[in-house]
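*Asks:* Each chain, letter by letter, is given below.
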Amino acid sequence: MSTPVDFLLWVRGPGFDIALVVFIIGILIRLLEVLILGRKPDYAEPRGGELGAGLRTLLTRTLPEPGTFKRSPFTVVGGYIWHIGFFISLFLFVPHIELIDATIGLSWPGIASNLVDAVAAVTLVTLVAMLFSRLTHPVKRLLSGPEDYLSWLVTFLPVMTGYLAYHRMIDPYPLVLGLHILSVEILMVVFPFTKLMHAFTFIIARWYNGAMAGRRGVQS
Amino acid sequence: MSEATLERGLKAFREQMNAPIASFFSSCVNCGMCAEACLFYTETGDPKYTPINKLEPFRRIWEQEYTLWGRVKSWLGLSQPVDDELLEAWEPLVYDGCTLCGRCSMVCPVGNDISYMIRCAREGFVAAGYAPDGMKNASRRAVTIGSPMGVKFPALAAQIKHVEADTGLTIPVDVEGVDYMALLSSMEIMNFPEYMAALARIFKQVGITWTLCSEAFEATNSGIQIGSSDIAKELVNRIVVAAERLKVKYVISPECGHAYTAIRWEGPNLIGRPYNFKVVHILELLEELRSSGRLKTEGYEDARLTFHDPCQIVRKGGVLEQPRHLLNMVASDFVEMNDHREMNWCCGGGGGVSAIERAEALRLKVFKRKKSQLEELNVDTLVTACANCRLIIEEGLEEYRMEIPVVGLTEMIAEHLVGDEKNE
Amino acid sequence: MAETGKGMGKTLAQSLRESGVSRRGFLKFCTATASMMALPPSMAPAIAQALGKAKRPSVIWLSFQECTGCTESLTRSHSPTVENLIFDYISLDYHHTLQVAAGEGAEAAREAAMRENKGQYIVVVDGSIPLGNPGYSAIAGISNLQMLEETVAGAAAVVAVGTCAAFGGLPHAKPNPTGAVSVSEIVKDKPVVNVSGCPPIPTVITGVLAHFLTFGSLPELDALGRPMAFFGKSIHDRCYRRPFYDKGLYAETFDDEGARKGWCLYRLGCKGPMAYNACATAKWNRGTSWPVESGHGCLGCSEPDFWDAGGFYNALSIPDSDITRQAVYVAGAGVALGAVAGAVNRSKQARAREEHEPVTIDDLDKRP
Ligand code: HEM
Ligand code: SF4
Ligand code: SF4
Ligand code: SF4
Ligand code: SF4
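Residue numbers (my numbering), protein chains in the order written: chain A, 1 to 220; chain B, 1 to 424; chain C, 1 to 368.
Check the hints yourself; a few may be wrong.
As the list claims (entries may be wrong) - Chain A side only, calculated, beta carbon under 10 Å to chain B, not exhaustive:
id	residue
1	31
2	39
3	42
4	128
5	129
6	194
Stated by the list, open to error - Pairs of lysine-lysine residues, derived as BS3-like cross-links and limited to a Cα-Cα distance of at most 30 Å, are as follows:
id	chain 1	residue 1	chain 2	residue 2
7	C	348	A	195
8	A	40	B	278
9	C	190	B	233
10	C	348	A	40
11	C	261	C	233
12	A	70	B	371
13	C	53	C	261
14	B	249	B	204
15	C	233	C	174
16	A	70	B	204
17	B	371	A	40
18	B	136	A	70
19	C	366	B	136
20	A	70	B	48
21	C	55	B	152
22	B	204	B	233
23	C	118	C	55
24	C	348	B	233
25	B	247	B	296
26	C	247	C	190
27	B	152	B	233
28	C	53	C	28
29	C	366	B	48
30	B	73	B	48
31	B	278	B	48
32	B	247	A	40
33	B	73	A	195
34	B	233	A	40
35	B	48	A	195
36	B	249	A	40
37	B	296	B	152
38	B	365	B	136
39	B	73	C	55
40	B	247	B	48
Rather than coming from a laboratory, the hints here were simulated on the basis of the structure. All of these numbers come straight from a predicted model, not from anything done at the bench. Ideal Cβ placement from N, Cα and C applies to all residues, glycine included.
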C-alpha cells in the first residue's frame with residue numbers, strides 16, 4: 001500500500017539516510033579536494049602576518065565594501081535578508097531543533113512558530129526577487145548557467161514546502177511534510193556538487209584572500 | 001624551435017592550480033558584485049568584463065580536472081572543452097580588459113582573490129600562444145635588450161650625464177659594497193629623468209651610499225605582465241645576481257608599481273629562494289628617513305592636490321600610509337579622492353595594458369573613472385608614485401582636455417629638500 | 001441478539017418506541033448525529049424522518065487478526081448513549097465475540113444472514129487479513145481471506161473498523177510476519193469505508209451506520225477511504241493546545257512547568273499534526289477527555305503504519321533512521337574518499353609541474 005504516510009516514512013527513513021550520507025561524504029570530498037592541493041611556500045619576506053589578517057577578512061567580508069554596496073544595494077540587501085531568513089527558519093524553528101538534537105545531540109531554544117512563519121514568508125518573497133534579478137541583471141544573467149538556477153530551486157523548495165506544511169495547504173499533512181523533507185534531502189544531495197558549497201568553502205577562500213593580502217601588509 | 005600550443009597552455013593551467021584557487025572557484029556564487037568593483041565593467045557597462053567571467057577557461061580546467069563531479073560531468077560529455085577558440089575569445093578579456101589592479105579581490109563577498117587568479121590564468125594563455133602582440137614584443141625586448149622599451153645602458157648613461165650636469169651630483173654606477181642599489185623603470189629613464197635626479201639629491205642630503213648597476217637597472221618585468229613565470233624569472237634573476245655581486249644590503253624598487261610587485265613579492269618565489277638582500281620601495285625608504293628625522297624638507301606646495309594610489313604599490317603592495325605622511329610633509333592642501341588607499345581606482349593602464357596598442361581605445365574609455373574622481377575634487381595637481389600611472393593619466397587627461405599637471409611624489413619631495421641649492 | 005433476521009420488518013422508530021425511548025429523546029439523538037456528521041442542525045428533522053422510516057439493516061461483523069480492542073471500544077459505551085442506541089437497532093447477525101452461538105451454529109447464522117439479505121447487508125470487519133499463510137488465522141476452518149471474499153460477495157457495503165482492518169495496523173507493522181493486509185486491498189468491487197483508529201472512536205462507527213441508515217448511502221470519504229465528517233481535519237487542527245504550538249511553548253518532559261501549564265506536546269512526540277481523527281471534538285469515555293487533554297501526545301493511531309512511524313516519544317520531525325549513530329563511519333568514509341580525490345588532484349598538479357616546459361621568448365607565438 002502506498003499512502004502519504006508510507007511516503008513520509010520513506011523520506012524520513014531511508015531517504016534521509018541516503019541524503020545524509022551523500023551530504024557528509026560529498027562535503028568532505030569537496031573540502032579535501034581543495035585543501036590537499038596546498039600551495040607553494042612563499043619566499044618573499046612578509047610585511048605582516050597571515051593568520052590574523054586571514055581571520056579578520058573572514059569576518060569583515062561579511063559586510064559589503066561601501067562603494068560596492070552603493071552600486072549593487074539590491075544584491076547585498078536581498079542576500080542578507082534571505083540568508084538570515086533561511087537560517088532563522090532552519091535553526092530557530094522548534095521542530096527543526098528537535099531534528100538537530102536527535103541527529104547530532106545539540107539543542108538550543110527556538111522562537112515562536114508564528115514568528116518563524118513570518119520570516120519564512122519574507123524569505124520566500126526575497127528569494128523570488130533574487131531569481132528575478134538573476135534573470136534580468138546583465139551581469140548575473142551572463143554568469144548564470146543551469147547550476148545557478150538549480151541551486152536557487154533546491155534552496156527555495158524547502159522554505160516553500162515548509163511554509164505549505166505549516167499552513168497545511170496540501171492535504172493530507174503527511175504528504176506535505178514528506179514533500180518538505182524530500183525537498184531538504186534534494187538540497188542535501190545537490191549541495192556538495194554545486195556552488196552551494198560556498199557555504200563551507202567561503203571560509204577557506206576568505207582566509208586565503210586575507211592571508212595573502214595580510215602578508216603584503218594590506219587588510220583585504 | 002619550440003612553439004606555443006594549446007596543450008602547453010592546458011598544462012600551464014593545470015600547473016597553476018592550488019588550494020587558494022580551488023577554494024575561490026568552489027566559492028563563487030555568481031553574485032556579480034565583482035563587476036561593480038572593476039572599472040572595465042563600470043565604465044563600459046559590458047558584462048563580459050565582469051572579473052570572474054575573465055576566468056572562464058581556467059574555471060573549466062578546475063571543474064573538469066580538479067573536481068570529482070566535474071570529472072563525472074566531462075566523462076558524461078556534459079562539459080564544454082577549453083580549446084583554441086575559447087582562449088582566442090578570452091584573450092582580450094584577460095589582457096586588454098584587466099590591469100591586475102586587484103580591486104575586485106577586495107569586494108567579493110566570498111573572498112575570491114580574482115586578480116590573483118587572473119595573474120595565474122595568464123600563464124596558461126601565454127603558453128598557448130594567446131597573448132597580445134604588444135606584450136610579446138615587450139617581453140622579447142626585455143629579455144634580449146634588457147628593457148621592455150628597448151632602453152640599453154648607453155641610453156641610460158646619456159641620461160645620467162644630463163642629470164649629473166643638471167644637479168652637479170654624481171650618479172654612482174656599479175659601485176660595490178654600498179648599502180643601496182637603485183632600480184629604474186624604462187619610463188623613468190626616458191620620460192621622467194627627474195626621478196633619477198631626485199634620488200641623487202635626496203641620498204646626498206641624508207647621506208646614503210648607493211649605486212646603479214649597468215647590467216641590471218631595469219626594474220620592470222614584462223614576464224609578470226604577460227604572465228610567464230619563466231620569462232619573469234629570467235628578468236628578476238638579473239637583478240638578484242647583480243645585487244648579490246655588488247653585495248648591497250638593499251635594493252630600492254622605483255616608483256613603478258609592477259616593478260615593485262615583481263621584485264618584492266614575486267621575485268623570491270620565481271627564483272625559488274629568499275634573497276640575501278632586502279627590497280624596499282622608494283616611498284618606504286623615504287618615509288623611514290622622514291620619520292627618523294633624517295629627511296628634512298622646507299616649504300609647502302600651496303596648490304590643492306590629491307594622490308593617485310598606484311594599485312601595485314598600495315592595494316597590492318602594502319605601501320599605504322607612507323605616501324600620505326610624505327605628502328603632508330610638503331603639501332598644505334592635500335585632499336583624498338573618494339575611493340582611496342586600498343579601494344582606489346586603477347588608472348586603466350596597469351598589468352601591461354599600456355603595452356597593448358589595440359587596447360588604447362578601451363583604456364581611454366575606462367579612464368573616465370579616474371576622470372570623474374578628479375572632477376569631484378577640483379584639484380590643481382595630481383601626485384602619484386608610478387611612472388606608468390603617470391603616463392597613462394597624462395594621456396587620459398589630454399584626451400579629455402583636462403589641464404592638471406601630474407607629478408611624481410619622489411620628485412616633489414626632492415623639490416623641497418632643505419639646503420638643496422635648487423631651493424635657495 | 002444473534003437470531004437471524006430478527007426484527008428486520010420493524011422500522012427504527014418502532015423499535016425505539018418499543019424500548020421506551022421518547023420522541024424527544026429520539027430527536028435529541030438525531031441532532032447529535034447531525035452535528036457529529038458535520039451537518040447543519042436544520043438537518044436533524046430530516047434525519048429523524050429518515051431514521052424513523054429506516055428498516056434495521058443486517059450487519060455481519062467479521063473479526064480477523066485483531067485484538068478485540070475495537071469491539072471493546074464499542075461496547076464500553078453505556079446506555080443510553082448515542083452509540084448503543086444505534087447499536088441496538090441494527091441487526092447484528094454475526095459477531096463471534098458477542099454472539100451466543102458458537103461453532104457451526106455461528107457460521108450457519110452468518111450464511112443465513114447473507115442469504116436472506118443478499119445485496120443489502122453491511123459487512124463490518126475488524127482486524128487485518130494474513131496473506132502469508134492461510135493458517136495464520138482461520139475461523140471454523142475457513143481462512144480469513146476466504147471468509148472475507150465469501151461474505152463480501154453479497155454485501156451492500158463494507159466498513160473496515162480499526163486501523164488493522166483499514167490499513168493493516170499492528171499485524172502489518174514491520175516486519176509484517178503474517179503478510180497482513182487491509183480490507184481494501186482485497187475488496188475492490190464494493191464500497192469500503194475505513195473507520196481507522198486504534199481503537200476507533202465508537203461514535204464514528206455508529207455515525208457511519210447512521211449515515212447509511214439515513215441517506216441509504218455511504219458518507220463522503222477522504223483519500224484514505226475515511227469519512228470526511230470525522231477524519232477531515234487533523235488532531236492538530238482541532239487541538240486546544242494549538243495556540244501554544246504557534247507561540248512556540250512546549251512541554252519538554254511529562255512533569256515540567258510546561259506540562260502542568262498544558263503547553264503543546266510536540267516535543268514529547270505528539271503526532272497530532274499528521275493524525276486525522278475526531279478525538280479532539282468527539283472525545284473518549286463518553287466525552288470525558290481525550291489523550292492530548294490527559295497530557296499524552298497523540299500516537300497518530302488513525303494513520304497507516306503509525307506503528308512504524310518512529311518512537312512514540314520522538315518529535316514528528318525526527319528522522320526515523322539510525323544513520324546518525326553511524327555518522328562517524330560515514331565521516332570516516334568521507335575523509336578516506338576525500339583523501340583519494342585529493343591525492344588524484346595532487347598527482348595531476350605534480351605531473352603538470354614535472355612536465356613543465358619553460359616558456360621562452362622564442363615560443364610566444366603559435367606556428368601558423
Ligand atoms: C534546509 C533545511 C530546511 C529549511 C530551510 C526548512 C524550512 C522550513 C520552513 C520555512 C518551515 C515553515 C515554518 C513556518 O512557516 O512557520 C518549516 C516547517 C517544518 N519543517 Fe523544515 N526546513 C528544513 C529542514 C527540515 C527537515 C530536515 C525536517 C525534518 C526532517 C523539517 C521538518 C519540518 C517540520 C516538521 C515543519 C513543521 C511544519 C508544520 O508546522 O506543520 N524541516 N521548515
Ligand atoms: S584586477 Fe582590476 S582590472 Fe582586473 S578584473 Fe579585477 S578589478 Fe578588473
Ligand atoms: S564577487 Fe565573488 S562570488 Fe560574486 S561573482 Fe564575483 S567572484 Fe563570484
Ligand atoms: S499537542 Fe499535539 S496536536 Fe496539540 S498542538 Fe501540540 S502537536 Fe498539535
Ligand atoms: S489522540 Fe491520536 S493516538 Fe490517541 S486515539 Fe486519537 S488519533 Fe489515536
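*Asks:* For each hint, tell me whether it holds in the structure or not.
*Replies:* Results for each hint:
no.: 1; hint: 31; in the structure: 9 Å, holds
no.: 2; hint: 39; in the structure: 5 Å, holds
no.: 3; hint: 42; in the structure: 6 Å, holds
no.: 4; hint: 128; in the structure: 17 Å, violated
no.: 5; hint: 129; in the structure: 14 Å, violated
no.: 6; hint: 194; in the structure: 9 Å, holds
no.: 7; hint: 348/C x 195/A; in the structure: 23 Å, holds
no.: 8; hint: 40/A x 278/B; in the structure: 21 Å, holds
no.: 9; hint: 190/C x 233/B; in the structure: 89 Å, violated
no.: 10; hint: 348/C x 40/A; in the structure: 15 Å, holds
no.: 11; hint: 261/C x 233/C; in the structure: 25 Å, holds
no.: 12; hint: 70/A x 371/B; in the structure: 19 Å, holds
no.: 13; hint: 53/C x 261/C; in the structure: 50 Å, violated
no.: 14; hint: 249/B x 204/B; in the structure: 18 Å, holds
no.: 15; hint: 233/C x 174/C; in the structure: 28 Å, holds
no.: 16; hint: 70/A x 204/B; in the structure: 49 Å, violated
no.: 17; hint: 371/B x 40/A; in the structure: 40 Å, violated
no.: 18; hint: 136/B x 70/A; in the structure: 39 Å, violated
no.: 19; hint: 366/C x 136/B; in the structure: 12 Å, holds
no.: 20; hint: 70/A x 48/B; in the structure: 21 Å, holds
no.: 21; hint: 55/C x 152/B; in the structure: 121 Å, violated
no.: 22; hint: 204/B x 233/B; in the structure: 33 Å, violated
no.: 23; hint: 118/C x 55/C; in the structure: 15 Å, holds
no.: 24; hint: 348/C x 233/B; in the structure: 24 Å, holds
no.: 25; hint: 247/B x 296/B; in the structure: 29 Å, holds
no.: 26; hint: 247/C x 190/C; in the structure: 46 Å, violated
no.: 27; hint: 152/B x 233/B; in the structure: 20 Å, holds
no.: 28; hint: 53/C x 28/C; in the structure: 17 Å, holds
no.: 29; hint: 366/C x 48/B; in the structure: 26 Å, holds
no.: 30; hint: 73/B x 48/B; in the structure: 25 Å, holds
no.: 31; hint: 278/B x 48/B; in the structure: 41 Å, violated
no.: 32; hint: 247/B x 40/A; in the structure: 28 Å, holds
no.: 33; hint: 73/B x 195/A; in the structure: 15 Å, holds
no.: 34; hint: 233/B x 40/A; in the structure: 16 Å, holds
no.: 35; hint: 48/B x 195/A; in the structure: 20 Å, holds
no.: 36; hint: 249/B x 40/A; in the structure: 27 Å, holds
no.: 37; hint: 296/B x 152/B; in the structure: 35 Å, violated
no.: 38; hint: 365/B x 136/B; in the structure: 24 Å, holds
no.: 39; hint: 73/B x 55/C; in the structure: 72 Å, violated
no.: 40; hint: 247/B x 48/B; in the structure: 49 Å, violated
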